[in-house]
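Enquirer: Now for the letters of each chain:
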Amino acid sequence: MYAALLSNRYLTSRVIPLIAVGAVALCVALVIIVVSVMSGFLDMLKASGRTLIGDVIVSSGIGGIPHYDEWLADLRALPEVEEATPVIDTLGLLRMPYPSGPSKEIAPVQVWAIEPDSFARVTAYGEKVWWRPPADDAAREAMLPDDPRLRMDGSILRDGLTLTQGATGKPGIVMGMHVSVGNARQSDGSYRPRFGWFMPGEEVTLTVVPVSESGTISEPRDATFPVVNEVFSGVYDVDKSRVFIPLAQAQQLLRLDAAPLYDTTAETDAEGNLPLLGTTPARVTKVLIRAKTGVDALAARDAVEASWDAFVAKAARRSDRLGRPPERVSILTWEQQLRDLIGPVEKEREMMRILFSIIYIVCAGLILSIFWSIVIEKTRDIGILRSVGASRFGILWIFLRYGLAIGVVGSLAGVGIAWVVVDNINLIHEAIGRDAPRAAWITTCALSVLSVVMALRSLVWRGRLLPGLLWTIATVTLGIVTLALLGHRGTLIWDPSVYYFSRIPSQVDWFNAAITVGGGIVFSVIGAAIPAAKAADVDPVEALRYG
Amino acid sequence: MAEATSHPGESFGDAGRASRPPSAASAPPILAALDVHRTYRFGQVEVPVLRGASIEIGRGEWVAILGQSGSGKSTLMHLLGGLDRPDAGRGTIEFDGRSVNLGAGRSLDRYRNRDVGFVFQFYHLLPELSVLENACLPGLVGGWFGHARAAAARRRAGELLEQAGLSHRLRHRPAELSGGERQRVAIARALVNGPRVLLADEPTGNLDATTGASILDLIAAQHAEGLTVAMVTHDASVAARAQRVVHLRDGQVVQD
Numbered sequence: 001m002y003a004a005l006l007s008n009r010y011l012t013s014r015v016i017p018l019i020a021v022g023a024v025a026l027c028v029a030l031v032i033i034v035v036s037v038m039s040g041f042l043d044m045l046k047a048s049g050r051t052l053i054g055d056v057i058v059s060s061g062i063g064g065i066p067h068y069d070e071w072l073a074d075l076r077a078l079p080e081v082e083e084a085t086p087v088i089d090t091l092g093l094l095r096m097p098y099p100s101g102p103s104k105e106i107a108p109v110q111v112w113a114i115e116p117d118s119f120a121r122v123t124a125y126g127e128k129v130w131w132r133p134p135a136d137d138a139a140r141e142a143m144l145p146d147d148p149r150l151r152m153d154g155s156i157l158r159d160g161l162t163l164t165q166g167a168t169g170k171p172g173i174v175m176g177m178h179v180s181v182g183n184a185r186q187s188d189g190s191y192r193p194r195f196g197w198f199m200p201g202e203e204v205t206l207t208v209v210p211v212s213e214s215g216t217i218s219e220p221r222d223a224t225f226p227v228v229n230e231v232f233s234g235v236y237d238v239d240k241s242r243v244f245i246p247l248a249q250a251q252q253l254l255r256l257d258a259a260p261l262y263d264t265t266a267e268t269d270a271e272g273n274l275p276l277l278g279t280t281p282a283r284v285t286k287v288l289i290r291a292k293t294g295v296d297a298l299a300a301r302d303a304v305e306a307s308w309d310a311f312v313a314k315a316a317r318r319s320d321r322l323g324r325p326p327e328r329v330s331i332l333t334w335e336q337q338l339r340d341l342i343g344p345v346e347k348e349r350e351m352m353r354i355l356f357s358i359i360y361i362v363c364a365g366l367i368l369s370i371f372w373s374i375v376i377e378k379t380r381d382i383g384i385l386r387s388v389g390a391s392r393f394g395i396l397w398i399f400l401r402y403g404l405a406i407g408v409v410g411s412l413a414g415v416g417i418a419w420v421v422v423d424n425i426n427l428i429h430e431a432i433g434r435d436a437p438r439a440a441w442i443t444t445c446a447l448s449v450l451s452v453v454m455a456l457r458s459l460v461w462r463g464r465l466l467p468g469l470l471w472t473i474a475t476v477t478l479g480i481v482t483l484a485l486l487g488h489r490g491t492l493i494w495d496p497s498v499y500y501f502s503r504i505p506s507q508v509d510w511f512n513a514a515i516t517v518g519g520g521i522v523f524s525v526i527g528a529a530i531p532a533a534k535a536a537d538v539d540p541v542e543a544l545r546y547g
Numbered sequence: 001m002a003e004a005t006s007h008p009g010e011s012f013g014d015a016g017r018a019s020r021p022p023s024a025a026s027a028p029p030i031l032a033a034l035d036v037h038r039t040y041r042f043g044q045v046e047v048p049v050l051r052g053a054s055i056e057i058g059r060g061e062w063v064a065i066l067g068q069s070g071s072g073k074s075t076l077m078h079l080l081g082g083l084d085r086p087d088a089g090r091g092t093i094e095f096d097g098r099s100v101n102l103g104a105g106r107s108l109d110r111y112r113n114r115d116v117g118f119v120f121q122f123y124h125l126l127p128e129l130s131v132l133e134n135a136c137l138p139g140l141v142g143g144w145f146g147h148a149r150a151a152a153a154r155r156r157a158g159e160l161l162e163q164a165g166l167s168h169r170l171r172h173r174p175a176e177l178s179g180g181e182r183q184r185v186a187i188a189r190a191l192v193n194g195p196r197v198l199l200a201d202e203p204t205g206n207l208d209a210t211t212g213a214s215i216l217d218l219i220a221a222q223h224a225e226g227l228t229v230a231m232v233t234h235d236a237s238v239a240a241r242a243q244r245v246v247h248l249r250d251g252q253v254v255q256d
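So the protein lines, in turn, are chains A and B. Start counting the first sequence at 1; every next residue gets the next number (my numbering). Start counting the second sequence at 1; every next residue gets the next number (my numbering).
Keep in mind the hints are simulated off the structure, nothing from the lab. Mixed in with the good hints there might be a few duds.
Claimed, not checked - Residues from chain B that keep clear of chain A, each with C-beta distances beyond 12 Å, as calculated:
# : residue
1 : R189
2 : Q222
3 : R249
As the list claims (entries may be wrong) - Covered by chain A, according to a simulated footprint, are these stretches of chain B (three or more residues, beta-carbon under 8 Å):
# : segment
4 : 60-71
5 : 79-85
Said to hold, decoys possible - Selected chain A positions facing chain B (in silico; Cβ < 7 Å):
# : residue
6 : T51
7 : S387
8 : V388
Beta carbons: idealized from backbone N, C-alpha and C, even for Gly.
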């Protein structure tokens, strides 16, 4: 009981414990802010990465998956599967319409050939097609006046969703937002045409290289497509390199379409034709699957694996047709597929957490040194307490409780600071991004002048060194802040044109915040434990005599 | 007064008891030091402070222990109050017929909390606590869930402070009190748990004569109600207020 009385009184009647509380609060706030922003960034990266691949991804070798329509029907019948869509994934070269003149720029691209309807049901493709008129008045209000989308009608969106140029009926191409140099990202996350190139409406030539099942490379083939829209996934690697074309055109270009197969070892007939063996089926290299709502991606993957095995077994029994599915395909969940993308960011977050957790040791060291000086200062009090019957454990508990109180108060204050900062991080960022308001530097300048007066008053008139020194430090600090505010012309720390997220994640990671608070309390108690043990070991006679 | 006897070299405690010194009181003593030795070590140097000191204090007695500076008065007081222990196997402190320095630390803590009360020359009040909180501090020590006990201690401390003329100072901090007032608070603190023995170490040593006399009056009033008092002083006029004066010289009781 006396421990509570004394630790509370020590906490509230002195300045040094408040410094310790402040140190703990800042340490905890710093860790929570950093981990929350990193976690938010990771969540956004995962969400964006998942945007265009669905829940389960099946990838085959170069030979592709024959009779994929049959398997898609099997998949769609599974209770775990909402929808499945075929994709051809290959590399290509895109001849851009720029610059002016005969020599054009060539961009290496990753080509995804898709069936737009089913692809949009599996992925968020429909939401990611960028150029479209505002959906409603609220969206219109949110756009800046020079945003080209304000002047668009629904045809550009329709063309993007169907991969067809409505006006001509030609198959079109949708490019990632940063495949061309024509899009400049703005600070609000929107885009403006750059260098006079607005890509929708332009024509590009795509060159691909057909590769046979045995790996034989054929002559490159090309086709010209009108750009019908552009897509923004939020993941730079995707937006920089991916283009979408209709599946049928890609199958023709890559010789993955259905075709008659002739017996080249036989003699030609009277008309010079080889005997027809049959028709090789059309193929795709990927199948993307969306799981039903509430079905875990891993459970969906297991169901897809079982379905694949059944499909392969069924195909093996069919000797009446050409085309056998490969024995092995890669079947991954979206998280496994994005491991290369997510893994480094997760590691980075953990590294940041570990690095910033070192701050706990600083925190514990600070509390240890503050408590050490308090114990030395309070040696006589310890002797008095022992003289009225306090046990060594009681003395130990006073200081442990004192450390616990500092840890709890400091950590909770730290959560409060972190919550305010994270919740307003975009406002803070925007404020930093603007010129300093005139009132701010006038205020700091006035406070600086006041500090000079107080410093002179303390040093010259009163002859007091300590207040004089403190006021001098305040003068210098406020002077530097004033100069910094005067010279501040707006610094955009989180530049959306670099990070590809228009807003900084602003959700506190409460699970990690709880762990951080626990860490702050534990290390505060650890910091207090050593001086507390020293206090418990104080000889009461020595303490009363010399304390 | 009987000549005090010392028993150098004789063992005490369970193995052997020192023979009892002559006591002024015929009844068994409430507090006794039997042939206690206490040596302090300062680096390589050993300084014997008590060299077989023996004293018996009868129930309800007021004994003054008089001696020069360095004679071992405060050390003897610390041993009698259980703040310190005699050198291993060299002397015993007995309270009410039982040894207090052979038990575990916890029983010694309890002895200091319940059976004796200390008053020091420099008051030794806790500066962060108010007068009332300082006075009831022993009542708060020694229990985890003693709200009723705390309330009782607060009530008893209030009564004692009222008797000491400090009822208007209950919420004040020690820094706001005079020396005499601080010592009154210290006396109230020493008595709050109703100890049977008051141990006062130079209680007037830091006060002027008038204030010192008023403090002795306060102690005398408590003694009149049956409290046993052991008081250390180097001032013969202060010692004269006691019923019995014991002289301590070079770590031994030389005159009783």
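Enquirer: For the restraint on T51/A, tell me whether the closest CB of chain B is nearer than 7 Å.
Expert: Status violated, d = 59 Å.
Enquirer: Against chain B, with CB atoms and a cut of 7 Å, does the hint on V388/A hold up?
Expert: 4 Å, holds
Enquirer: With d taken as the least Cβ-Cβ distance between Q222/B and chain A, does d exceed 12 Å?
Expert: Non-interface label on Q222/B holds, nearest chain A Cβ at 17 Å vs cutoff 12 Å.
Enquirer: For the restraint on S387/A, tell me whether the closest CB of chain B is nearer than 7 Å.
Expert: Result: holds, 5 Å to nearest chain B Cβ.
Enquirer: Residue count check for the segment 79-85 of chain B against chain A: does it reach three with CB-CB under 8 Å?
Expert: holds (count 3)
Enquirer: Three residues minimum, CB to CB under 8 Å: does the segment 60-71 of chain B make the cut for coverage by chain A? Let me know.
Expert: It is violated: at least three residues are needed, and the segment 60-71 of chain B offers just 0 whose Cβ sits closer than 8 Å to chain A.
Enquirer: Checking a non-interface call: every C-beta of chain A should be farther than 12 Å from the C-beta of R189/B. Is that right?
Expert: Label violated. Min Cβ-Cβ 7 Å, cutoff 12 Å.
Enquirer: Does the claim that R249/B lies off the interface hold, with its Cβ farther than 12 Å from every Cβ of chain A?
Expert: 21 Å, holds
Consistency with the previously given hints fails for numbers 1, 4 and 6, ordered from lowest to highest.
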